[in-house]
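Colleague: Listed below, chain by chain, are the residues.
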Amino acid sequence: MRTKHAFLTLWAALVTLPLLWALMSSFKTDAEIFDSPWTPPATPRFDNWSRAWEQASIGQYLLNTLIVVGGALALTMLLGALTAYCLARYEFPGNRFLYYTLIAGMLFPVFLALVPLFFVVDNLGMLGTYHGLILVYAAYALPFTVFFLHGFFRSLPGAVAEAAFIDGASHAGVFFRVMLPMARPGMVSVGIFNFLGLWNQYLLPKVLNPDPDHYVLAQGLAELAVSQGYRSDWSGLFAGLIIAILPVLLAYVFFQRQIRAGLTSGALK
Amino acid sequence: MRHGKYRFLAGALIVPLTLYGVFVLSPYLQAFQLAFTDWNGVSDQPRSVGFGNFARLWDDPLFLAGLRNNGLMLLVVPLAVIVLALALAAGTRGTKVYRVVYFFPQLLSVAIIAVLWQFVYTPNSGLLNGALSAVGLDSWRQSWLAEPDLALWSVMAVMIWSSVGFYVVLFSAAMESVPDDIMEAAAIDGAGPVTVFRRITLPLIWESVQVGWIYLGIAALDGFALVQIMTVGPGGPDNSTEVMGLGLYRTAFTFGKFGYASAMGVAIFFLTLSIAVLLLRVTKRERVELA
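These protein sequence lines are chains A and B, in that order. Mapping of the first sequence onto the UniProt record's numbering: position 53 corresponds to residue 53, and the numbering continues sequentially without gaps. Mapping of the second sequence onto the UniProt record's numbering: position 37 corresponds to residue 37, and the numbering continues sequentially without gaps.
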């Protein structure tokens, strides 16, 4: 029993210590960080945070990320739900073919598409634009979303939809007012999955988003960390790191039950 | 009554299918074409070079280094993650607060994890060396990411660190569906905790382990963000952390050899596919059903 708890606590420490250390370092001066990485600051320096937010553009990167991830998430959920619903509940020639063509997108590594994708986006004049990134993110999140929600829409009872049709509802009406609300638990799960996936993007923006004004958080931070060797502002960089981590971590603390349930139900599907 | 079905279908599907066709399907298909050319991005007409690009891959020391390093990751990372996650998941039965904490790294984007760990590994002012000094292990201090022998292992440690939490949650969710009375019956029959785990728990949750193995195997062929951000070069000292994805990125977007980079993409695709199929076969077991 003793060793079991020691082991569990050890891993908990391994997970939290780097985060706590970064939090602590974000309140220190550069000199303190260099001289004694392991001790708390003499006086907490809040100016690191404002410097990161404004001078290091973390505020701008956060805003860019919210625009791109928010837009892509909304688009993915709407299009993914519509596609999954049509493929799950309507018979039409080519239905299976479309479904498997879409699902195939999950099997291919993004690296394979990278070079042609760059030129497709470039030819459309969408390199380094919000809408370009939103459309690409949504397109790549579509296969998993359709795969997940397809099973969900299949399992919904058809009687309610029938009743709505008899009451004179249109196809779109049945989808938006009857089926979509019933699929809510599935939408929440896949929504969380997609949010984390889109938030986690690094390769796609790295290739498709060369404009520093439009950098997403991951890109901006990585850029700062790489250039930090030349123009060192370590304390500011730590503050930026914490600003990037904090929103998701706080959301998790409040919604951890739903988040973990949503993710595991998605993975086990 | 149900008129307008095809109009609805057409209206609903046109946008998602166009998006998918333009941004996903067409690039995938084009990659296979480009892989047989020497296209450099400026000439109008890509010139076919047959299998030349693929032949070149076998003599490309950087690609081979990437292949070797991804191969080592493939052997080490999934195994370590699954063993750790199974042990932690079994240990957290009854104490849920640990799982909440273990899940933290899963929420951080991979670029943020890379930046964080770059700091942890920093030679003079990093957390790791600072901690070693604090407990009197000064002789263990290293420049973790600058030593060719250590750099790849340091990167793999980060991969493991960031993935274990998710699999703890996944496996513990699966373990919860194993009824307590089966475990109790086994315990009454005199089976120790290890036997119960090996003979009862593991077979019953094998499907999640298999899913995890395949996810992790595919992830082990990536490593782009961690290596690109964390290690010097990038690609590490003596290419010790070079990965195939990084090689592809550099070949395409630094050197403009788009045809050759596409051939790398095709190679990565076939490797991913073979590994998924192989892992499905190797991890295949009789399906155990709960009565």
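Watch out, some of these pointers could steer you wrong.
Said to hold, decoys possible - Facing chain A, a subset of chain B residues (Cβ under 8 Å, in silico):
| id | residue |
| --- | --- |
| 1 | L108 |
| 2 | F119 |
| 3 | P123 |
| 4 | M175 |
| 5 | G233 |
As the list claims (entries may be wrong) - To be clear about the criterion: a stretch of chain A counts as covered by chain B if any three or more of its residues have a C-beta under 8 Å from a C-beta of chain B, and this derived list gives those stretches:
| id | segment |
| --- | --- |
| 6 | 14 to 21 |
| 7 | 185 to 191 |
Claimed, not checked - Which chain A residues face chain B? A few, computed with CB under 10 Å, are given here:
| id | residue |
| --- | --- |
| 8 | A88 |
| 9 | R177 |
| 10 | M179 |
| 11 | M182 |
If you are wondering where the hints come from, they were derived from the structure by calculation, not from laboratory data. Note that this is a predicted model, so its numbers are computed, not measured. Even for Gly, the Cβ is constructed at its ideal location relative to N, Cα and C.
Colleague: Would you mind marking each hint as holding or not holding in the structure?
Modeller: Results of checking the hints against the structure:
Taking 8 Å as the C-beta cut-off, the interface hint given for B:L108 holds, the closest approach to chain A being about 6 Å. Satisfaction of the interface hint for B:F119 is found here, the shortest Cβ-Cβ separation to chain A being roughly 7 Å, below the 8 Å cut-off. A least Cβ separation of about 11 Å between B:P123 and chain A goes past the 8 Å threshold, and the interface hint is therefore violated. Violation of the interface hint for B:M175 is found here, the shortest Cβ-Cβ separation to chain A being roughly 11 Å, above the 8 Å cut-off.
For B:G233, the interface hint is violated, the least distance from its beta-carbon to any beta-carbon of chain A being 11 Å, above 8 Å. Check result for the segment 14 to 21 of chain A against chain B: holds, 7 residues qualifying (beta carbon to beta carbon below 8 Å, three or more required). Coverage of a stretch by a chain is defined here by at least three residues with a beta carbon nearer than 8 Å to that chain's beta carbons; for the segment 185 to 191 of chain A and chain B the count is 0, and the condition is violated. Residue-level restraint check for A:A88 is violated (minimum Cβ-Cβ distance to chain B is 12 Å; threshold 10 Å).
Violation of the interface hint for A:R177 is found here, the shortest Cβ-Cβ separation to chain B being roughly 14 Å, above the 10 Å cut-off. Proximity of A:M179 to chain B is violated relative to the hint, the smallest CB-CB distance being about 12 Å (cut-off 10 Å). Because the beta carbon of A:M182 sits about 17 Å from the nearest beta carbon in chain B, more than 10 Å, this interface hint is broken.
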